Each structure stands twice: as structure tokens, then as C-alpha cells.
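Number of protein chains: 2
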Amino acid sequence: MGEAISVEELQLAARNHGMPLEALRWDLTPIGLHYLLTHYDIPDVDPEDWRLSLDGLVERPLTLSLAELRERPAVEVAVTMECAGNGRARIEPHVVSQPWLYEAVGTALWRGASLGALLQDAGVEEGATDVLFTALDRGVEGGEEQAYARSLPLAEALREDVVLAYEINGVPLPPQHGFPLRLVVPGWYGMTSVKWLERVTLVDEPFDGYQMSHSYRLRQEEDEEGIPLDRIEVRALMVPPGIPEFLTRSRIVEAGACVLHGRTWSGAAEVAGVDVSTDGGETWSEAELAPPTLGPWAWRAWRYVWSAEQGEHELCCRARDAAGNEQPLEPAWNVGGYANNAVQRVPVTVPA
Amino acid sequence: MGEAISVEELQLAARNHGMPLEALRWDLTPIGLHYLLTHYDIPDVDPEDWRLSLDGLVERPLTLSLAELRERPAVEVAVTMECAGNGRARIEPHVVSQPWLYEAVGTALWRGASLGALLQDAGVEEGATDVLFTALDRGVEGGEEQAYARSLPLAEALREDVVLAYEINGVPLPPQHGFPLRLVVPGWYGMTSVKWLERVTLVDEPFDGYQMSHSYRLRQEEDEEGIPLDRIEVRALMVPPGIPEFLTRSRIVEAGACVLHGRTWSGAAEVAGVDVSTDGGETWSEAELAPPTLGPWAWRAWRYVWSAEQGEHELCCRARDAAGNEQPLEPAWNVGGYANNAVQRVPVTVPA
Chain A
1 MGEAISVEEL
11 QLAARNHGMP
21 LEALRWDLTP
31 IGLHYLLTHY
41 DIPDVDPEDW
51 RLSLDGLVER
61 PLTLSLAELR
71 ERPAVEVAVT
81 MECAGNGRAR
91 IEPHVVSQPW
101 LYEAVGTALW
111 RGASLGALLQ
121 DAGVEEGATD
131 VLFTALDRGV
141 EGGEEQAYAR
151 SLPLAEALRE
161 DVVLAYEING
171 VPLPPQHGFP
181 LRLVVPGWYG
191 MTSVKWLERV
201 TLVDEPFDGY
211 QMSHSYRLRQ
221 EEDEEGIPLD
231 RIEVRALMVP
241 PGIPEFLTRS
251 RIVEAGACVL
261 HGRTWSGAAE
271 VAGVDVSTDG
281 GETWSEAELA
291 PPTLGPWAWR
301 AWRYVWSAEQ
311 GEHELCCRAR
321 DAAGNEQPLE
331 PAWNVGGYAN
341 NAVQRVPVTV
351 PA
Chain B
353 MGEAISVEEL
363 QLAARNHGMP
373 LEALRWDLTP
383 IGLHYLLTHY
393 DIPDVDPEDW
403 RLSLDGLVER
413 PLTLSLAELR
423 ERPAVEVAVT
433 MECAGNGRAR
443 IEPHVVSQPW
453 LYEAVGTALW
463 RGASLGALLQ
473 DAGVEEGATD
483 VLFTALDRGV
493 EGGEEQAYAR
503 SLPLAEALRE
513 DVVLAYEING
523 VPLPPQHGFP
533 LRLVVPGWYG
543 MTSVKWLERV
553 TLVDEPFDGY
563 QMSHSYRLRQ
573 EEDEEGIPLD
583 RIEVRALMVP
593 PGIPEFLTRS
603 RIVEAGACVL
613 HGRTWSGAAE
623 VAGVDVSTDG
633 GETWSEAELA
643 PPTLGPWAWR
653 AWRYVWSAEQ
663 GEHELCCRAR
673 DAAGNEQPLE
683 PAWNVGGYAN
693 NAVQRVPVTV
703 PA
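Residue numbers (the numbering used here), protein chains in the order written: chain A, 1 to 352; chain B, 353 to 704.
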């Protein structure tokens, strides 16, 4: 399960919050349990002074206050968001960065203004191909001082479910989720959904800043160009059953019928099925998959009744989507330790 | 700064949330940024079915619904809560458990029913000396299956600021903070403030369960009885100034006047002063200490204007309280890795 973690990585793990897996039980992740990855520091923003600038290749540059954004027609979308680094700490050889195991995920109901409608009001000029999102959080990464910034192809930015969100789960964004305003791009890994948004700029090529050209690319060699990460890979996770041992988190389950349950999602296509193994992946059985009650961009529930017998077992769950993607049984290595959607393995003991 | 962290410790660090230190800027820690330490799993409680039992050495055992608790006169208290294991990962030789660095702290406004008033209504019988609090979360620790449970001396339980809390910062408790009801004991380390409370029992001796007799004791040898932890040791923390480097969290600060600021607290007595060093503890200067605007049980703000000059610096802050306690410069080892309140050290670079 990977090498030991350095104190530098621990500093990141102590600031960045995972979702305890028992929180898979809730349709919407309660505030405070959704995963959080903050590249630099959480900024302190005075909403009275804050403005969103919309500029670049537009006919009418705009400057909007939070009140003006709230006056626009609201869009609401339930989104399962996952960090592109989820699973990194299980990849070998070890990759040094935020050491996620399985828990960099959460589902929230985001409410805000439609980005596409705002771009229409501003009038996108001929030649604009990408939209650059620049945030208020600043830091140093790869030796370069920078504000967190990412661009998105214009066609994705114009999707009707892309939101400039000022609310999560019915309340104003808390500071850690990007107050006063963040981008939410359903189906894409979390780095795309820029928090603490300050500026939206229409440009004629993809942004080449650090978070585009170095981070968030699948590479086998440090100096190759690699493939940019975008859509979330298919995955299922389970609520670890029974009760935990404090330190090892190993599970004790009573003999008899045990309902295994969890959630499944994919950014690429509808989930087609979830299979469960109770023998470490030797044999698989199909789980019952609930309908997509939260809409197309949020996780779906699954369940499987396991007849637990005395002994040691390794429980696994494995999802596949309608685009033909299936979770791998083992992690695949890459330079940044991204997109490891290998199946979850939960060791359990059923005592006599 | 201690040995490498194992994957078992990482599993704990990924579930249990630290407060990013920039959150010291807020009087009350926003929900989702307060530290969280969950021994077992967060329980899923149906508030309609849930009842609090009050029994043992009382004249009139009581059973109360959440609505009945909310009908009682409400008590509100701002409390700085800290985990007894805060600082553990900086202790050498390494102690294996939840690996906190500095960030296991938060301040919240708790609202609920007075425990003392409830005990008076029930009528405490002669001979009762302690109050046992039993929670709904179950797990295995030290080889023993248990519900999380701790007792408190009766005199402490009768303090007027001890609350059976159903609200935090003006909203119902989220699941991770103990929904529907938790104990809050101001001034004591967090293990005392039992979450997901189910039962309050008047007893005639201190409880001898695992969380009392093994955990949360200061011991130099595994098999000695040791001293139970109670009040929070004096501490000051600062908001790391400037901007961070993503991976190392080292700080870049511009030359010139730099306002260092943070918070200070002690469970034992009023804070008497905070000293700041900008040369790694060689020399110290007194910081400006704000009045205790949040009441006697919550942190106070401090500030110090540093004239930052080009070079490498180590910033430190060190608090002392009216009972004569002062933060040590180096951690003190103990079996459980508890109560390490050694001064915070923040390396910063001031570029040319």
C-alpha cells in the first residue's frame, strides 16, 4: 500500500480534508465532510469589496457584485466532485504530493448563476476558444509564484450545467469552498472547479500556466507533454461495514446477512453497473444499482446483501460505465499520481 | 520533526480534519474548518427515534427527546476546543496514533441545555461522585469492543457553562460534531466533550473504561497508572504569514512591515501574555493581546508587527497563563503523545 509518508505530505493531509467513507450514506455530503483540497491558503474575502471581472475576447466586459450575480436566474445542480489525486497514496512507486487514499470525494448541491448565460450577455467574440478562470489564492508551486488559474474549452464552459456557484447545500459558500464565488464544472475532476474566483477571461488558446502545463496531466516521464486530465474516471466506493478498530481501521462484522452499500459515479458516461467481490476479487456478483435520483452529475447508490461467514474476508466493489470504462484491479503509475480509480479493498473479520 | 508516518496513521489523518492555520483569523471557526477527531465511525442517528437517558444515582430517571431538550432554557458558550493529541507528530521518539501537527483546534459557539439544571431536575442522590457519558459510536480499541464513554467529576459536570449542545454557530449540529446532542466541557481537552450522546449516568466512582484508564493519560511507561488529562495546556498559534509553497508549506514574505497575528488560549487560567520571536527563539518580544471578547473559554487574538528583512527567519510564538504555565520550547515525550504544546515554529523566506 505504498511507502511511508513524509512530514511534508502529512502537513498537506492535516490541512486538506477527506470525506470519511461512512458519509457515502448521505445523498448530499454534509458541509464539513465534503473533501477539500486547497493549493495555497484559504483567502479572506470581504464580499462588499469583491467583484467578478469578465473580460478578454468579449464585446462588453462586465464587472459584477455578488448581489448582481444573485439577481440573475439561478441554476442548481447536484455534483459529485472528486480530486484528480484521489488514490495517490496507493500508487507505487510512491508519488509525493497530497496523500489521498480513497476519500477525496463529496456530493453537493451547488446553486449560482449560469456561466453560459453570463458569457452570452458579455458577447463572446470571434476567435475565443477557451475561458480562463483566475482565483484569489496565491502561492508558489514548481518554483513559480502564481494565483491559482485554469482554463476550460469554450464548448465546455457553455454547457448549461456549468455554474458560478454562491451556495452549497442551501447555504452561502463557506470560506473553504470558495466564498464568495466558485466555478463548478460537473463531471470534471475538482481542479477545474476554481474556487475564490476573481476573473473570467475569454482567450484564443488554452492557458499555459502551471496548473495546466505541469499539474493535472497524465505523464510517464517528467519531461513529456502528457495528456491533460478532464473527466472523472468511473468509480464505486462502499461504506466500510460493521465497526472499526481505531488505529488500523480494520472492520469487525457480525456473521449473517450484511448489507454492503455505497455510491458510484463516472464523469465520462452513465454508470452501467457495480460488481461486488467478498473474496478479494476472485469472484464477482452484480450489485443492485439505484436510479440517478440526484440527476446526471451525481453519484448513485448501490447495495448488495452479503451472507457474512466466520473468517477473514476482503470486500471489493468495481464499477463500469456506459462508455466501456471499468475500474482496474490495481493502480496504474503516472508522474503526478493522478486518477487512480483502482477498486477499493476493505479487509473485514467476522468473529465466531 | 519526527519519523515518517505509516499508512495506518495516514488513514487516520485522511478522516480526521485539522483546522488550516489561516482559519485562526476568524473569531468563530467556520463549520467545516473546526478540527474533528472521530474515534470510530460517525453514527447515523434518526432524531425522531433518538432519546437521551439520564439514570444511575438520581431520584427521578429521565428520558428526553430532542424537542424536550430544546424546550429547556438555553445556554450558549464560545469554546476553544483542542484535541489532547495535538502536536503528537512532532514528538520524538515517534508515537503511533492520529498524527496531528498544530491544527487540532477550533472555536465554536455551542448552544444547548444546561447539564447542571438537568441534573438538578433529576435529583442527584447522596454518594454520586461522577457522571458517565456514553455515546452511540462503537468500535474496537486496545482489543476491547466498546461504545465511546468517559466520566467527569460531578463538581465539573455541575459548572454552569457545561452544555448538552444541539447547535453549533447557530445551526443544528452537523453529523460530524455529534448530532443530535453532544457534551461540551469548556476548558477541557476535546475527548471530554462526548459526541453522539445517548446516556448520562450518575455513578459513585470514576468510570474505568478504556478511554479513562488507558487513553488520555500522561504516562512515561506503558504499564504505569499515569495522570489523567483534563484542562487544555496554554498555547499560542499564528497565521503563517505571506504565501505558501504548495508542497513544503514554507512561507514567502515581502520585506517591510508584516503583521503577525494569531490566537492564544489556556484551559487552566487566563492567558497572561504572548511573546514572539523572529529569530527561532533567541530573542523574544511581547505581542499585543486583545481582550477576551468571546468570554472566558475561547481564544484571544494577539498581534505583533514584524519588520521583515531579506533572509531566512524562523518565527515563533509562546504564550503564558496567569497560573504560571508557559509553553515549552521543545516537546516532552509521553506514551500516548499527548498535550504537546511546544511553541510553533514557522520558517519564512524574505526575498530580495
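The hints are simulated quantities; they were obtained by calculation from the structure and are not laboratory data.
Where hints are given, some of them may not hold.
Unchecked claim - Derived Cβ-Cβ restraints for the label pairs, each shown as a range:
(1) A:335 <-> B:580: 47 to 57 Å
(2) B:580 <-> A:227: 38 to 48 Å
(3) B:444 <-> A:170: 38 to 48 Å
(4) B:570 <-> A:292: 22 to 32 Å
To be verified - Residues of chain B clear of chain A, computed beta-carbon distances all greater than 12 Å:
(5) 384
(6) 395
(7) 424
(8) 480
(9) 528
(10) 607
(11) 678
As the structure is a computational prediction, the values presented were derived from the model and not from experiment.
All C-beta atoms, glycine included, are put in the ideal place defined by N, C-alpha and C.
To see whether the hints hold, each was checked on the structure:
| no. | hint | in the structure |
| --- | --- | --- |
| 1 | A:335 <-> B:580: 47 to 57 Å | holds, 49 Å |
| 2 | B:580 <-> A:227: 38 to 48 Å | violated, 56 Å |
| 3 | B:444 <-> A:170: 38 to 48 Å | holds, 46 Å |
| 4 | B:570 <-> A:292: 22 to 32 Å | violated, 53 Å |
| 5 | 384 | violated, 4 Å |
| 6 | 395 | violated, 8 Å |
| 7 | 424 | holds, 26 Å |
| 8 | 480 | holds, 30 Å |
| 9 | 528 | violated, 6 Å |
| 10 | 607 | holds, 15 Å |
| 11 | 678 | holds, 25 Å |
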